[in-house]
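A.B. asks: Residues per chain, in single letters:
Number of protein chains: 2
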Amino acid sequence: MTTPTPDTPPALLADRFKTLRYDEDERAVIVLDRRKYPFTTEFVTLRTVEEVAQAIENMTVQGGPPLAYVAGLGLAMAARDLDAAPARIGVYLERIARRLLATRPTADDLNHLIPAALQVAQDAIREGLDPFRPMLDFVNSEIQRGNEVSRLCGIHAARLVNDGDQVLTHCIAGAALCWMLWTAKNQGKKVHVIGCETRPYFQGARLTAASVQEMGIDFTLITDGMSAHLMSIGRIDKFICAADRITLDGHITNKVGTLTHAIAAHHFGKPFYVLGYDGPDPHTETGADIPIEERDPSEIFHARGETGTVRTAINGIEGYYPAFDITPPHLIGAICTDRGIFAPNAIRDYFTTQSSLS
Amino acid sequence: MTTPTPDTPPALLADRFKTLRYDEDERAVIVLDRRKYPFTTEFVTLRTVEEVAQAIENMTVQGGPPLAYVAGLGLAMAARDLDAAPARIGVYLERIARRLLATRPTADDLNHLIPAALQVAQDAIREGLDPFRPMLDFVNSEIQRGNEVSRLCGIHAARLVNDGDQVLTHCIAGAALCWMLWTAKNQGKKVHVIGCETRPYFQGARLTAASVQEMGIDFTLITDGMSAHLMSIGRIDKFICAADRITLDGHITNKVGTLTHAIAAHHFGKPFYVLGYDGPDPHTETGADIPIEERDPSEIFHARGETGTVRTAINGIEGYYPAFDITPPHLIGAICTDRGIFAPNAIRDYFTTQSSLS
Numbered sequence: 001m002t003t004p005t006p007d008t009p010p011a012l013l014a015d016r017f018k019t020l021r022y023d024e025d026e027r028a029v030i031v032l033d034r035r036k037y038p039f040t041t042e043f044v045t046l047r048t049v050e051e052v053a054q055a056i057e058n059m060t061v062q063g064g065p066p067l068a069y070v071a072g073l074g075l076a077m078a079a080r081d082l083d084a085a086p087a088r089i090g091v092y093l094e095r096i097a098r099r100l101l102a103t104r105p106t107a108d109d110l111n112h113l114i115p116a117a118l119q120v121a122q123d124a125i126r127e128g129l130d131p132f133r134p135m136l137d138f139v140n141s142e143i144q145r146g147n148e149v150s151r152l153c154g155i156h157a158a159r160l161v162n163d164g165d166q167v168l169t170h171c172i173a174g175a176a177l178c179w180m181l182w183t184a185k186n187q188g189k190k191v192h193v194i195g196c197e198t199r200p201y202f203q204g205a206r207l208t209a210a211s212v213q214e215m216g217i218d219f220t221l222i223t224d225g226m227s228a229h230l231m232s233i234g235r236i237d238k239f240i241c242a243a244d245r246i247t248l249d250g251h252i253t254n255k256v257g258t259l260t261h262a263i264a265a266h267h268f269g270k271p272f273y274v275l276g277y278d279g280p281d282p283h284t285e286t287g288a289d290i291p292i293e294e295r296d297p298s299e300i301f302h303a304r305g306e307t308g309t310v311r312t313a314i315n316g317i318e319g320y321y322p323a324f325d326i327t328p329p330h331l332i333g334a335i336c337t338d339r340g341i342f343a344p345n346a347i348r349d350y351f352t353t354q355s356s357l358s
Numbered sequence: 001m002t003t004p005t006p007d008t009p010p011a012l013l014a015d016r017f018k019t020l021r022y023d024e025d026e027r028a029v030i031v032l033d034r035r036k037y038p039f040t041t042e043f044v045t046l047r048t049v050e051e052v053a054q055a056i057e058n059m060t061v062q063g064g065p066p067l068a069y070v071a072g073l074g075l076a077m078a079a080r081d082l083d084a085a086p087a088r089i090g091v092y093l094e095r096i097a098r099r100l101l102a103t104r105p106t107a108d109d110l111n112h113l114i115p116a117a118l119q120v121a122q123d124a125i126r127e128g129l130d131p132f133r134p135m136l137d138f139v140n141s142e143i144q145r146g147n148e149v150s151r152l153c154g155i156h157a158a159r160l161v162n163d164g165d166q167v168l169t170h171c172i173a174g175a176a177l178c179w180m181l182w183t184a185k186n187q188g189k190k191v192h193v194i195g196c197e198t199r200p201y202f203q204g205a206r207l208t209a210a211s212v213q214e215m216g217i218d219f220t221l222i223t224d225g226m227s228a229h230l231m232s233i234g235r236i237d238k239f240i241c242a243a244d245r246i247t248l249d250g251h252i253t254n255k256v257g258t259l260t261h262a263i264a265a266h267h268f269g270k271p272f273y274v275l276g277y278d279g280p281d282p283h284t285e286t287g288a289d290i291p292i293e294e295r296d297p298s299e300i301f302h303a304r305g306e307t308g309t310v311r312t313a314i315n316g317i318e319g320y321y322p323a324f325d326i327t328p329p330h331l332i333g334a335i336c337t338d339r340g341i342f343a344p345n346a347i348r349d350y351f352t353t354q355s356s357l358s
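Quick mapping for you: the protein sequence lines, in order, are chains Y and D. Position 231, counted from 1, in the first sequence is what this note's numbering calls 231; the numbers after and before it change by one each time, with no gaps. Position 285, counted from 1, in the second sequence is what this note's numbering calls 285; the numbers after and before it change by one each time, with no gaps.
Please note that the accuracy of each hint is not assured.
Heads up, the list lumps identical chains together, so a pair's fine if it works in one copy or across two of them.
[Stated by the list, open to error] 25 Å max Cα-Cα, derived SDA-like pairs, lysine to any residue: (1) K238 x E294; (2) K185 x D165; (3) K185 x I317; (4) K36 x I317; (5) K238 x P297; (6) K190 x D218; (7) K185 x I217; (8) K36 x I155; (9) K36 x T353; (10) K185 x L160; (11) K18 x M59; (12) K185 x N315.
These aren't lab readings, by the way, just hints derived from the structure by calculation.
Construct the complete structure from the given sequences, taking the supplied hints into account.
C.D. replies: Written as structure tokens, this is what we have:
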């Protein structure tokens with residue numbers, strides 16, 4: 001549970017083990033409250049599966065991989081805490097897994113990790129073992145693998161960044177963004193990050209801004225509606241963000257707003273690159289197969305800031321809050337993964353490619 | 001100083017006389033605080049030209065025509081309050097006019113109204129008259145004319161709206177939007193308005209939402225990054241907003257974000273119509289001639305809501321806040337004015353056209 005390499009980027013969010021873990025003494029999942037960071041660096045202690053599920057639903061933990069890890073740790077915690085005959089534990093864990101899988105539908109990481117952790121449990125139970133330890137070890141190995149995927153994806157992506165680049169990003173592109181920027185910096189490339197604040201949760205104004213600042217890289221904040229204007233006056237050279245799910249035919253889904261920026265980038269001839277981590281979801285053929293989460297509209301009627309929450313919209317109106325949008329492959333220049341950089345229409349090749357970091 | 005017709009839309013912002021005026025007893029300009037409306041309906045009393053200038057700069061009064069009217073009333077107020085020999089008043093008023101003209105550079109209404117009011121003053125002085133009364137009468141006649149322009153523009157624009165339309169709008173398109181929606185409603189057309197909240201000041205979530213609600217028309221709030229997604233799923237049929245300035249070759253400038261929506265609309269084949277009020281600025285040839293105001297970045301580090309202000313961005317970062325962007329004519333379907341509906345490339349015809357409301 002150490003950082004993946006000695007030269008991990010000096011940003012808290014670059015190493016998942018620093019923001020989420022299972023504490024064996026506390027018998028709890030401990031997770032950074034991403035709604036408050038970096039205004040305050042608060043860790044929340046989750047002692048039940050329901051607390052874990054709600055922490056995912058209420059955005060205490062956000063981002064496809066991090067929330068999947070927290071769910072996996074929650075499932076392992078449940079296996080330890082269940083007071084049941086070994087024969088019944090498998091049935092209970094399946095029920096708990098369904099609760100965790102129902103938290104957020106769009107990102108695919110959760111859909112991979114929870115069934116895999118359940119399989120680990122069932123294998124252990126079949127062998128007459130307590131499933132807790134194998135499950136915890138499995139989820140921790142997945143976090144370790146995720147850190148390595150982020151490192152490789154970011155190092156590959158650094159090739160897409162040139163000295164002097166003004167890079168637009170949206171929401172928080174996570175550990176791979178940190179690795180990309182840190183690698184580029186160590187290669188002597190000076191990069192200026194333009195971050196969209198990302199309403200309603202301001203992940204860009206908080207999480208991305210903090211990560212970039214922690215690495216000593218220039219950051220300029222804009223609101224979500226300004227990207228096209230900055231492209232029109234030459235203040236954005238490329239657009240780079242992450243994806244919550246990538247389809248086999250090269251569609252990507254990401255935090256709502258991404259499509260708006262991608263269309264603007266296409267209009268102005270600026271490349272759009274996707275940090276694709278460990279590649280496409282083998283179970284999702286095309287964009288129409290991605291379920292887009294619609295969240296409580298009251299979240300867009302408010303702004304949460306350092307000193308509390310204020311209501312920013314009038315009462316008595318409707319609101320609509322789709323949390324993600326889908327960008328088609330023809331608007332994407334490349335998808336960068338831990339196994340290299342792919343054209344979006346060739347992203348299926350990910351499955352037959354070995355990582356080739358030179 | 002009554003409403004322009006008995007069937008004025010029942011929205012406070014549809015009649016400028018209801019939100020700004022010179023009070024002769026108070027010897028002050030009284031103006032609705034648009035930063036707080038509709039959370040509270042507060043009127044601010046401005047007793048000096050400097051207070052008027054600051055109310056324009058700090059967004060107490062916003063929107064090209066309203067802020068121009070307030071500046072004009074401020075100039076008239078100054079003429080009354082100046083304690084100087086008649087021969088000196090003209091010189092003083094010119095200096096005051098320069099202060100008022102320097103408040104906000106992008107919208108053209110201020111650039112028309114202040115020199116015209118100054119001319120009225122100079123004509124009066126030349127005839128040995130006190131310039132106050134002619135100036136006040138002139139500015140009030142301009143407000144009256146602006147109300148009539150809004151009415152005609154909105155009635156023409158109602159032709160661009162069909163029964164069942166889902167109309168995206170951005171920021172606050174003002175009195176003409178009210179007239180368009182109210183006319184369409186009275187024609188039996190059911191329109192659903194999708195309003196972008198419009199960061200950082202949330203004009204969409206407050207001013208537009210309130211205006212639409214006051215007319216009993218459906219309104220759904222979205223954040224500024226959602227427009228492309230809603231177009232992609234068929235929930236937006238057209239995009240209609242105002243313009244702070246229109247050039248002779250059909251470029252328009254409007255609140256930043258407009259270009260983002262216009263590009264998305266073009267991408268998805270949805271028409272973009274501009275409420276152009278009294279037409280292009282005869283002194284601005286093309287988009288490159290429009291000065292884009294850059295405001296204090298601290299305004300995008302915060303969110304102002306019903307119960308106060310919260311800081312939404314971390315400290316120690318840069319921010320960039322261009323208040324407007326420029327949309328070129330090839331992205332615009334039509335510009336609607338008080339004299340009818342023009343193709344953007346033919347907007348020069350405005351000057352040779354008579355209003356022809358049938």
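A.B. asks: Which constraints among the numbered hints does this structure fail? Numbers only, ascending.
C.D. replies: As far as the earlier hints go, 8 and 9 are violated by this structure, in ascending order.
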